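For the record, the sequence lines run as chains V and S.
Residue numbering for the first sequence follows the working numbering, starting at 4 and increasing by one per position.
Residue numbering for the second sequence follows the working numbering, starting at 4 and increasing by one per position.
Source of the hints: derived by calculation from the structure; they are not laboratory data.
These figures come from a predicted structure and were not determined experimentally.
Possibly wrong hints are sitting among the right ones.
Since the list gives no way to pick one copy over another, a pair counts as held whenever it fits inside one copy or between any two copies.
What the hints assert, rightly or not - Below, simulated DSSO-like cross-link-like pairs (lysine-lysine); rule was C-alpha separation at most 27 Å, straight line:
#1 Lys148 - Lys41
#2 Lys31 - Lys41
#3 Lys4 - Lys41
#4 Lys140 - Lys31
#5 Lys148 - Lys177
#6 Lys4 - Lys396
#7 Lys31 - Lys148
#8 Lys396 - Lys148
There are 2 protein chains.
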Amino acid sequence: KLDELRTQLADLDGPGLVREITRLPAAKRAVAFRLLPKDRALAVFEDLDPSVAAALLSQLRSDVGSSLVHDLDPDDRARLFDELPASVVRRLLSGLDPHEAQMTQDLLGYPPESAGRRMTPEVAWVPSDATVGQAIKRLRRLGNKVETIYMVPVLGQGRRLEGVVSLRGLLTAKRDTPLIDLVADPISADTHEDQEVVARRVRDHGMIGLPVVDHEKRLVGVITVDDAMRILAEEESEDAARAGGTEPLGRPYLATPVWRIVRSRIIWLLVLIAAATLTVNVLDYFEETLEQVVALALFIPMLIGTGGNTGAQTVTTVVRAMSVDDIGLRDLPRVLGKELSTGLLVGAGLALLAGTLAGVIVDARVGLVLGVSLVAVCVLATGAGALIPMLAKRAGVDPAVVSAPFITTLVDASGLIIYFLVARAILGL
Amino acid sequence: KLDELRTQLADLDGPGLVREITRLPAAKRAVAFRLLPKDRALAVFEDLDPSVAAALLSQLRSDVGSSLVHDLDPDDRARLFDELPASVVRRLLSGLDPHEAQMTQDLLGYPPESAGRRMTPEVAWVPSDATVGQAIKRLRRLGNKVETIYMVPVLGQGRRLEGVVSLRGLLTAKRDTPLIDLVADPISADTHEDQEVVARRVRDHGMIGLPVVDHEKRLVGVITVDDAMRILAEEESEDAARAGGTEPLGRPYLATPVWRIVRSRIIWLLVLIAAATLTVNVLDYFEETLEQVVALALFIPMLIGTGGNTGAQTVTTVVRAMSVDDIGLRDLPRVLGKELSTGLLVGAGLALLAGTLAGVIVDARVGLVLGVSLVAVCVLATGAGALIPMLAKRAGVDPAVVSAPFITTLVDASGLIIYFLVARAILGL
Numbered sequence: 004k005l006d007e008l009r010t011q012l013a014d015l016d017g018p019g020l021v022r023e024i025t026r027l028p029a030a031k032r033a034v035a036f037r038l039l040p041k042d043r044a045l046a047v048f049e050d051l052d053p054s055v056a057a058a059l060l061s062q063l064r065s066d067v068g069s070s071l072v073h074d075l076d077p078d079d080r081a082r083l084f085d086e087l088p089a090s091v092v093r094r095l096l097s098g099l100d101p102h103e104a105q106m107t108q109d110l111l112g113y114p115p116e117s118a119g120r121r122m123t124p125e126v127a128w129v130p131s132d133a134t135v136g137q138a139i140k141r142l143r144r145l146g147n148k149v150e151t152i153y154m155v156p157v158l159g160q161g162r163r164l165e166g167v168v169s170l171r172g173l174l175t176a177k178r179d180t181p182l183i184d185l186v187a188d189p190i191s192a193d194t195h196e197d198q199e200v201v202a203r204r205v206r207d208h209g210m211i212g213l214p215v216v217d218h219e220k221r222l223v224g225v226i227t228v229d230d231a232m233r234i235l236a237e238e239e240s241e242d243a244a245r246a247g248g249t250e251p252l253g254r255p256y257l258a259t260p261v262w263r264i265v266r267s268r269i270i271w272l273l274v275l276i277a278a279a280t281l282t283v284n285v286l287d288y289f290e291e292t293l294e295q296v297v298a299l300a301l302f303i304p305m306l307i308g309t310g311g312n313t314g315a316q317t318v319t320t321v322v323r324a325m326s327v328d329d330i331g332l333r334d335l336p337r338v339l340g341k342e343l344s345t346g347l348l349v350g351a352g353l354a355l356l357a358g359t360l361a362g363v364i365v366d367a368r369v370g371l372v373l374g375v376s377l378v379a380v381c382v383l384a385t386g387a388g389a390l391i392p393m394l395a396k397r398a399g400v401d402p403a404v405v406s407a408p409f410i411t412t413l414v415d416a417s418g419l420i421i422y423f424l425v426a427r428a429i430l431g432l
Numbered sequence: 004k005l006d007e008l009r010t011q012l013a014d015l016d017g018p019g020l021v022r023e024i025t026r027l028p029a030a031k032r033a034v035a036f037r038l039l040p041k042d043r044a045l046a047v048f049e050d051l052d053p054s055v056a057a058a059l060l061s062q063l064r065s066d067v068g069s070s071l072v073h074d075l076d077p078d079d080r081a082r083l084f085d086e087l088p089a090s091v092v093r094r095l096l097s098g099l100d101p102h103e104a105q106m107t108q109d110l111l112g113y114p115p116e117s118a119g120r121r122m123t124p125e126v127a128w129v130p131s132d133a134t135v136g137q138a139i140k141r142l143r144r145l146g147n148k149v150e151t152i153y154m155v156p157v158l159g160q161g162r163r164l165e166g167v168v169s170l171r172g173l174l175t176a177k178r179d180t181p182l183i184d185l186v187a188d189p190i191s192a193d194t195h196e197d198q199e200v201v202a203r204r205v206r207d208h209g210m211i212g213l214p215v216v217d218h219e220k221r222l223v224g225v226i227t228v229d230d231a232m233r234i235l236a237e238e239e240s241e242d243a244a245r246a247g248g249t250e251p252l253g254r255p256y257l258a259t260p261v262w263r264i265v266r267s268r269i270i271w272l273l274v275l276i277a278a279a280t281l282t283v284n285v286l287d288y289f290e291e292t293l294e295q296v297v298a299l300a301l302f303i304p305m306l307i308g309t310g311g312n313t314g315a316q317t318v319t320t321v322v323r324a325m326s327v328d329d330i331g332l333r334d335l336p337r338v339l340g341k342e343l344s345t346g347l348l349v350g351a352g353l354a355l356l357a358g359t360l361a362g363v364i365v366d367a368r369v370g371l372v373l374g375v376s377l378v379a380v381c382v383l384a385t386g387a388g389a390l391i392p393m394l395a396k397r398a399g400v401d402p403a404v405v406s407a408p409f410i411t412t413l414v415d416a417s418g419l420i421i422y423f424l425v426a427r428a429i430l431g432l
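In isolation and in its complexed conformation, chain V is listed as follows (with noise of 0.2 Å):
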């Protein structure tokens, strides 16, 4: 059996054994682990979500996970430290060498999510008064110590970022050019800026890696494409999360207990089903119009679904277009006029289709209510769906939280008192 696992592990490519050892349950994780060869249980390590790689720490023999945590780079172990109790963080922070647990203690005293909590503070970097021949010759030297030698920052007086070299440009470069030649202005980021904020700097300027300084512009770290894509992929499943209206998980989904994910959603949902009473109200004050008119509730689920699905449509669109920077604020009036403009168009087009069939089931009195209304709720729904998460921006909070399932719920009472007042109107109750 034991033997059948080895085979079957040993055939995995690294991320795919990184998947395998996440999805399997915590019990089996760390039987799977002590199967694999020194070398690759490590790259593997490195690799798994800290949550997991926390958990699984717990289940090893304690020298095992000294190793383990000893040969990691200093931002995973910081990474991984932030989900260990602090009990756990102490001994194994007395186990590493002075210089190894100063720079992890250094990296988690950034705030979370900040940029210095997640760069790399081992750095090639070259001195501005170098030539590209001695640059070249001492990053061969660094080479093998450091995440990356592509791009080089250029350090002068104390520690300061003068400039990035890219390691082409030095070897394209005649050897004895001084190096303030090839200089380019560099862009950098702050210790204290948004992990996102950073990444997305990486990817617009299509970087290998970008320097991070402290207040006096001194380099303390990098952050590298391949954290830039990593930090990305977490923020875009914890937007993915929001829009569905629940809390990130914020570790893989296998490895959560049932717990914590309705600790995720139940939050939401309490705070929609109580949006959800002003619903009960709105037909509690018109009941005795729908006593009069019952016909009229056999298209409520229709009509409030269909003001819910124009609204998520909308809000999706606008805070995914705010969120890769598409739109800003300053777009309001443009956005907000595209939006009414759909919404009366997709309005008149479905009241078209739903009000005829409401005249075939009901009486062409009831398919009238039924189209206006409609049109009303989709204009509605859309101008809801693109104000509400750019004032949500406007006051400081992210766009992302204004989910879908919050439009839709909105709109539903809103559309009912459209509906009923419309239907008192036409049908002259």
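Please build the complex by placing chain S on the supplied structure of chain V, with the hints as guidance.
Just chain S, lined up with the frame of chain V:
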């Protein structure tokens, strides 16, 4: 006025300038573009969304346009040609030198969204019988003509890919080492593979570039890490759109005319409103029950809203977990188990709250009806939200098309059936 605009544009960095040109109305875009110095203009043109670049091209003098197109990389040019009318493409191709024209046509020969379509055909490679010193010499010579020299494919007889070396590996090795001693087994992509799969391979393996080979394992190009980041961002935008029940716009929001926005949404709305007629049928069927206890109508929006929200949460979580490969088809039983348990638990919590509310507003028996129905609807919604995207994947359909609005609408009708059956049983109608 123009001077003001010129100053304003000069203050922006590269990505900022691309965003600003993109968000200008089409008529102003050409004006602003002409104000840019020549090298900035090319850099911006390269980074514009292909649809925007195509629109801009039609507003520029034809010789200016030809010169821009001439200076593009072959892969960017192919993407632009995709957005242009065939007659314009023919004219532009005839203006290119034969080698550039051939490279572009080769790329356009691969299927859309394939690795071949997105790769850079200009690659720095080294022959497998070279030494490290010879390889470095070759890379120094090619350095400025290719997109990357950091990941270097090693080719044997007939351009067959034998492996890759990193520039870092070359630089830290002795000059007379035979290259073959450094070569790592290549992770590569086939020309016809899906661009998203390939981009994720780049991310998962933390690569700078991925060699692309034809069916005889001959090197034909490379997908660089910036290509991968761009592809992933596009695919994330598509998934986000689908999650909200719309077709992806495939272009920046402000550069999309209203008729295109309407087109991206109306299809799904029509499908959903057609599905919503089921709710009309269900209510029609139970109309007598509804007439007897009109108070039941009060809680319809709350009940189906909650079902929809719970379903939206599940489908969002499950689709995301599938898209990041956290779960696969073989995990169906575990996923279903987790989701049904979650549904039961959140349903019970919500039932307690809403059931009490209904008990107070109407009476205890209606409260009981609502509570029981809520539990059933939540379990139904989490079950459907887990099952349907996984069945879609099994059927070879992208699970991302199973949107929250789709699940919501589906759960609405079945939720109503449950509600009225429970009501009939408990109220003895």
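Which numbered conditions among the earlier hints are violated in the structure presented, ordered from lowest to highest?
-> Result: hints 4, 6, 7, 8 break, sorted rising.
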